[in-house]
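Using the sequences and the hints given, assemble the complete structure.
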Amino acid sequence: MSDTPERLPAVEPPAFPPPYPTAGGRFAPGAAVRVKTGAAPGHIRTPWYLRGRTGRVERICGDFHNPEELAYHRPGTPAVVLYRVRFSMSELWGPEAERPGDTVDVEIYEHWLEDATDAA
Amino acid sequence: MPHDHDHGHGHDHGHDHGHSPSGHPYRKDDDGPLTHWQRMEIAVRELLVEKGIVTRDEITAQIARMDSRSPALGAAVVARAWTEPDYKARLLADGSAAAVEMGAEVEAMKLVVVENTAAVHNVVVCTLCSCYPRNLIGLPPDWYKARAYRARMVREPRKVLAEFGLVLGEGVQLRVHDSTADMRYLVLPARPAGTEGWDAARLAGLVTRDAMIGVALARAPEEAAAAAAE
Chain L
6 MSDTPERLPA VEPPAFPPPY PTAGGRFAPG AAVRVKTGAA PGHIRTPWYL
56 RGRTGRVERI CGDFHNPEEL AYHRPGTPAV VLYRVRFSMS ELWGPEAERP
106 GDTVDVEIYE HWLEDATDAA
Chain B
7 MPHDHDHGHG HDHGHDHGHS PSGHPYRKDD DGPLTHWQRM EIAVRELLVE
57 KGIVTRDEIT AQIARMDSRS PALGAAVVAR AWTEPDYKAR LLADGSAAAV
107 EMGAEVEAMK LVVVENTAAV HNVVVCTLCS CYPRNLIGLP PDWYKARAYR
157 ARMVREPRKV LAEFGLVLGE GVQLRVHDST ADMRYLVLPA RPAGTEGWDA
207 ARLAGLVTRD AMIGVALARA PEEAAAAAAE
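Protein chains in written order, with our numbering: chain L, 6 to 125; chain B, 7 to 236.
Mixed in with the good hints, there may be bad ones.
Where chain B lies over chain L, by a calculated footprint (3+ residues, C-beta under 8 Å) [unchecked claim]:
| hint | segment |
| --- | --- |
| 1 | 14–24 |
| 2 | 36–48 |
| 3 | 106–112 |
Pairs of lysine to aspartate or glutamate residues, derived as DMTMM-like cross-links and limited to a Cα-Cα distance of at most 25 Å, are as follows [as the list claims (entries may be wrong)]:
| hint | chain 1 | residue 1 | chain 2 | residue 2 |
| --- | --- | --- | --- | --- |
| 4 | B | K151 | B | E162 |
| 5 | B | K165 | L | E101 |
| 6 | L | K41 | L | D120 |
| 7 | B | K151 | B | E47 |
| 8 | B | K94 | L | E17 |
| 9 | B | K151 | B | E111 |
| 10 | B | K116 | B | D148 |
| 11 | L | K41 | B | D188 |
| 12 | B | K151 | B | E169 |
| 13 | B | K116 | L | E73 |
| 14 | B | K151 | B | E121 |
| 15 | B | K57 | B | E47 |
| 16 | L | K41 | L | D123 |
| 17 | L | K41 | L | E73 |
| 18 | B | K94 | B | D188 |
| 19 | B | K151 | L | E119 |
| 20 | B | K165 | B | E229 |
| 21 | B | K151 | L | E103 |
| 22 | L | K41 | L | E101 |
| 23 | B | K116 | L | E103 |
| 24 | B | K116 | L | E115 |
| 25 | B | K116 | B | D73 |
| 26 | B | K116 | L | E74 |
| 27 | B | K116 | L | E101 |
| 28 | B | K165 | L | E103 |
Worth flagging that the hints you see were computed from the coordinates, not collected in a lab.
Source: prediction; values computed, not measured.
Glycine included, each C-beta is placed from N, C-alpha and C at the ideal position.
In C-alpha cells, the structure reads:
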C-alpha cells in the first residue's frame, strides 16, 4: 500500500445485496459522507470520535428502527437506513495516526450523515 | 493488554494491601445496598413467577444456557467455511442465515462476517459498550468490555494487537470494525498452512475465540498440538 494514503479510504463494491430489507438510502456504497457534529442527548449510537469526520459508505446494512427512540419506548419508526462507513486512521487521528492507511468501519444511521462529495 | 489490571505479581508479597498471601488481589465483596435496577429486576422477576408467566426453573435454565455458550459453534462455522467454498460465499453474503444452517440460535443477531486474507486483517471492538456475537462465540471476555480495549482498539490497534502477541506485517492492511449498532461481527480467520486434507471437525480445533475476535490468528497445527499436550 501507499505511504501517502488518501484521506478517504478505498471500498470495494459490495459483492452481494444487503441481507436485510431496505427501501434504499440517500447514499450508495462508495459515496463520501461526513458524520454530523451535533451533540444530541440520549441513547446515541454514533461515537464521539467520529463527529465531523469524513469517510466512504462501505455497504448498506438495511433499514432498522431508530435505536435513539427505541431506548425510550417509542416505536422508532419510520425505520432508518443503517450504513457501514469506512474511515481512514489519518482522517480520525491526523498526524498522530498509528498507521494512516489502516481503517475503522462503523455502523452509522442515515440521519447522522451528510453528503461530502466536496471532500471526495 | 489481556492482563490490564495490577495483578500483584512481582510486587513484594505478604504485606501488599488488598492482596492474598499468594499475591492475588482480593475481589471486593459486594456488600453495598441494592441499586434501583437490581431492586427492579428482583421485583419484576418475582411478579413474573407469582403470575405464572415463567417458573423459577425456567429462569435458572435460561441463565445456565447463557452461561454455557462457548466458541465451539463459531469454530464449526469457520471450519466449514474453510472446507466448503459455497458455504463461505453464503456466510459472507448473509452471516446470520449461514449461522442458522449450522444450528445457531440467531434470534435478533445480524451477523457480518469479515474475512482475513494475506493482505487484510480484521479485528472487532465495540467502543460504545460490549456488542459481541454471543450465540456463536460465547460470553465476551472481561478485556473486551474494558475501557482500555474499547478506547485503544480504534486509536492504536497495532500496538494493542502486539500486546496480544500478534504483530502484523507492514504489508498487511488492518481493518478495525466498531460494532456500534445492529450488526454483530465475526472474523473469518485465514486457514493455517499445513492443514491440507483436514476435515472440518479437525480444523475447528484450530479456531479460538480470540481468532474470531481478530486479536489472534487461527492456531498452526503444531501450536494446537503443543497446547493439547500441556
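Given the hinted pair K165/B and E101/L, is their alpha-carbon gap at most 25 Å?
holds, 14 Å
Are there at least three residues in the segment 14–24 of chain L whose beta carbon sits under 8 Å from a beta carbon of chain B?
holds (count 3)
Take the C-alpha atoms of K151/B and E103/L, compute the straight-line distance between them, and say whether it is at most 25 Å.
It holds: about 22 Å lies between the C-alpha atoms, which stays within 25 Å.
Is the Cα-Cα distance between K57/B and E47/B 25 Å or less?
holds, 15 Å
Assess, step by step, whether the Cα of K116/B is no farther than 25 Å from the Cα of E115/L, and give holds or violated.
Holds, because 18 Å separates the two Cα atoms, which is no more than 25 Å.
Take the C-alpha atoms of K151/B and E121/B, compute the straight-line distance between them, and say whether it is at most 25 Å.
holds, 23 Å
Please verify whether K151/B and E162/B have alpha carbons no more than 25 Å apart.
holds, 17 Å
Holds or violated: are the alpha carbons of K151/B and E47/B at most 25 Å from each other?
holds, 22 Å
For the pair we were handed, K116/B and D73/B, check the Cα-Cα distance against 25 Å.
With a Cα-Cα distance of about 21 Å, the restraint between K116/B and D73/B holds, given a limit of 25 Å.
For the pair supplied as a hint, K41/L and D123/L, is the alpha-carbon distance within the 25 Å limit?
Given pair K41/L, D123/L holds - Cα atoms ~15 Å apart, limit 25 Å.
Do the alpha carbons of K116/B and E101/L lie within 25 Å of each other, as the hint requires?
violated, 34 Å
Hinted pair, alpha-carbon criterion (25 Å max): K116/B, E103/L. Please report holds or violated.
Violated. K116/B to E103/L sits at ~31 Å, over the 25 Å cutoff.
Going down the numbered hints, you'll see the structure goes against 2, 19, 23 and 27, while the others check out.
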